[in-house]
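Engineer: Generate coordinates for the entire structure from the input sequences, incorporating the hints supplied.
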Amino acid sequence: MAIIESNQLLTFKLGSETYGIQINKVREILTYPVVTPIPDASRWVKGVINLRGEVAPVIDLRVRFSINNDPLYTPRTIIIAVKTQDNRMIGLVVDEVSDMENIDLDRLYPAPDMGASIAPEYLKGLFKKDEKMIVILDIDRILDKDEMQRLSRQTHEAPHVHATSA
Amino acid sequence: MAKILIVDDSNMLRDMVKYALNEGGYPDVTEAVDGVDGLAKARATVFDLIVSDINMPNMNGFEMIVELRKLPAYAKTPILTLTTEKNDDMKAKGKAVGATGWIVKPFVPEQLLKAVGIVLSR
Amino acid sequence: MAGFDINKYRQMFLEEAEEIFETIDTILLEAEETNSMDNETINSLFRSVHTLKGNSASVELALFAALAHEIEFFMDRLRTGELSFEESMAGLLIESIDTLKEILELELSDELEQGYYNSTKCALLEKLDAFSEESHEVQILIEHQVEEQKDDFGLLLPMDEEGAFGPISGTVEVDAFGLFDDEETLPASEVSDDGFGFFDEETPEAVAAEDDGFGFFDDEIPISSPKIEDDDHFGFFDDIPTSVEKHIDEIKIVHDDTVVEEAKSSKKFKPESASNSIRVDLSKIDGLMNNIGELVIAHSMLTQYTSTMEDQKIKSDLSERLDLIDRHIRELQESVMSVRMVPMETVFSKFPKVIRDTAKSLNKKIDFRHTGESVEIDKAMIEGLTDPLMHIVRNAMDHGIETPEVRRKAGKHESGTLMMSAEQANGQMIIKIQDDGGGINLTRVTAKALENGVIDDHQASQMTKEEKAMLIFAPGLSTAEAVTAISGRGVGMDVVMSNIKKLGGTVKVDTEEGYGSTFTIALPLTLAILDGLTIRIGAEQFILPLSVIIESLNPEAQMIKQIGDNTSEVLMLRNEFIPVVRLHTIFNVKPDHEKLTDGLLIVVRSATQKIALFVDEFMNQQQFVIKPLDRNFRNAHGIGGATVRGDGTIGLIIDTMNIMNKY
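Sequences listed follow chains A, B and C, in order.
Add 1 to a position in the first sequence, counting from 1, and you land on the number used in our numbering.
Add 132 to a position in the second sequence, counting from 1, and you land on the number used in our numbering.
Add 921 to a position in the third sequence, counting from 1, and you land on the number used in our numbering.
Treat each hint with caution, since some may be false.
[To be verified] Under 8 angstroms between C-beta atoms, here's a sample of chain B residues computed to sit facing chain C:
1) 145
2) 148
3) 238
Just so you know, the hints here were simulated from the structure itself, not pulled from any lab data.
Given the structure is predicted, the values throughout are model-derived calculations rather than measurements.
Even for Gly, the Cβ is constructed at its ideal location relative to N, Cα and C.
Structural biologist: Structure below.
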């Protein structure tokens, strides 16, 4: 049995670009709740929220990929709750949720080296519909444990982020 | 310390394999109940060895091995299959999907450990 | 190598077999009703019977396995299309499965007579074969199949004299395999050839030489003997006594009261009314706990709302009912908790083998005793507990218990005693590990601690015996002068301390030079619920586990001393110097108070020392349902877990161990 790939996309905006996540990864879409910040976490980790009883980290994809390094958070800010392949629940902050799209996974264009704000290694590919271009995120790759740990360590070592006072 | 993943739909067999491994000095053993679970766990943690049943619901052992071998982290990881049969067909399939070896059920702890010791030291 | 606990696995097999039988019955009943069977159904049937066969063989149910094999063979022919489904087949298969169930019951209770088995099997085979005899063509195929099957389904059944699950022996019980074993009683070495193999052999049948790095291992393992000889490559896998009594000179296992009874009862297997127990995945229980957690939260929201009500009559009526709900929730919580509990025996059972091996390699004689195996512990805690216990035990054997000569000279019995006990007291789990060895040399430990700068001369002179003994838990202070292979390995007793702390527990050690040491571990009964104190720093709130708190105070100016270049502060409390940790610095939040005298200091326990946490204020104390916190997004400083608070938001639980590691 192969892992069946969903061909329905939830599309959303990060800055001016339209991105998509396969709908089978998405658990819930919610507006910005009370987020408990985690001390010492990277800047793109906004903190943790209560997602149906689970403690789920919230990641701002805009900050993560340097699309907008200083976003505003209002009660209307959107979080897409996704479940990763290894069953971790994670909230993703995005600019706005656009639409659902049906796509044909066989007809994806490979991710370009340039053009998108996000490096091709984090993308499943491009989908073109009429004049629109949707960049499909490889969410399991972006939220991969090792990747997260590596990035957390990097951020931690960066002196300007970790304020020390004695 | 070697991290080992056991994939078997039988609670009993998982326990037996785990017991034998624990007794033989491999305390770090994770269990998965079928190929899908095994694959998910293998993606979440990198194991040094996988011991898998073949005949399982949802995704059988051979299908799982095919998927595992596609992952860079598991390109060379030893994978031992547990099998009731030891016929050529099984051997051919096992070899084709990229498994490392087989262990016949019912197994003796010594045999299992010997096989495990050998693949881990290679 | 120890044999398997055959009765335990038979019980597991029985539970699984009952589930499988249920699946099969459902399928067959449906097939009978609809008078059809599609490929998927046949495959599923085949798979089920195959599992029954393989697993029963693993628990030495030879006759059952052989019969299951016959039925599997029949299903295989259905599966390959060699036979096609007929109206009467479903009925016959149902009958076959019923026969299997009957044989299983008889064989398990040791009441299966060979004669009865043979006649039952023959009768069944006759009926199964009837389907094949309808066409000559099929018959030929079957004959061919029967030939092949000898290789295909070699059932290797262990049959050693003691009846324990031993190695595969060459003597496959001939009677058990009417059809396919007649000429197939292979010599022992040949059977073992295929015990396992590797797919990179050039041809599957080729007997590869040892030095190729893979191949067959028959010549190394004396397969027909229950013991395996030590050899250079596998020295550490050395043999375990098949029965402990044989090695009574080295280890005696004291199972409280039941050694004799166990030996008797193990002879005959009695299913423990299997229908009354089910296997449940731990995650399902966690799910239940989560639901209860939600309930607790909903309840506290309602209580909060009620307190704001104006109408006193309604308010008191509601409060009364809310109290009732509260009681029920607690009961529910306790019931679910009890499901997570497993007996300590699960932990204890890991030790005899390790102790025996270690004693052997150290040339020491050690008598291992344990009590309290029926005391229950949270299943989730077992994993974290085994390592520290193992470390303490190894340490006690290595550095505590003396060699037989030394013991004789000291007037002690030449075999040392290692005693492990578990009990529940005051809502805690107390585990003690006691040895009658030489005890901890406090002078040497203190000297080492001074040398490593863990303590200074002043502290050393002030320390009590107990405090000095606790120094063995300081980092980098592995007790012994000689770090050995047994307890050394670069990790010291500090790891024991931190592991126990992670479980929310404490360790202390009492030692008497010449008479031995006692390690006492106190653990919460569960990992799922924590008694905590909410503290506030500026706008943020955190939860501090009550178990680590010693005292709290509002310090006066003269109690605070600056050390070194004024970067470190200590609290002087009754002649003790306690380092101050400003939580707002650690957590990078803006506090209300910068001056220590304006806020509060909470003195908490750590591995080697106390520390004083500086906070703005502390709030209420309550129980929290602990939730795992994704560790991938943070650098793990000072936060150990999370919980859902009364208002539905997340609270973070402080891990004092981790804060101290930062210093």
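Engineer: Evaluate each hint against the coordinates.
Structural biologist: Cross-check of the supplied hints:
no.: 1; hint: 145; in the structure: 6 angstroms, holds
no.: 2; hint: 148; in the structure: 6 angstroms, holds
no.: 3; hint: 238; in the structure: 4 angstroms, holds
Consistency note: the structure conflicts with none of the earlier hints.
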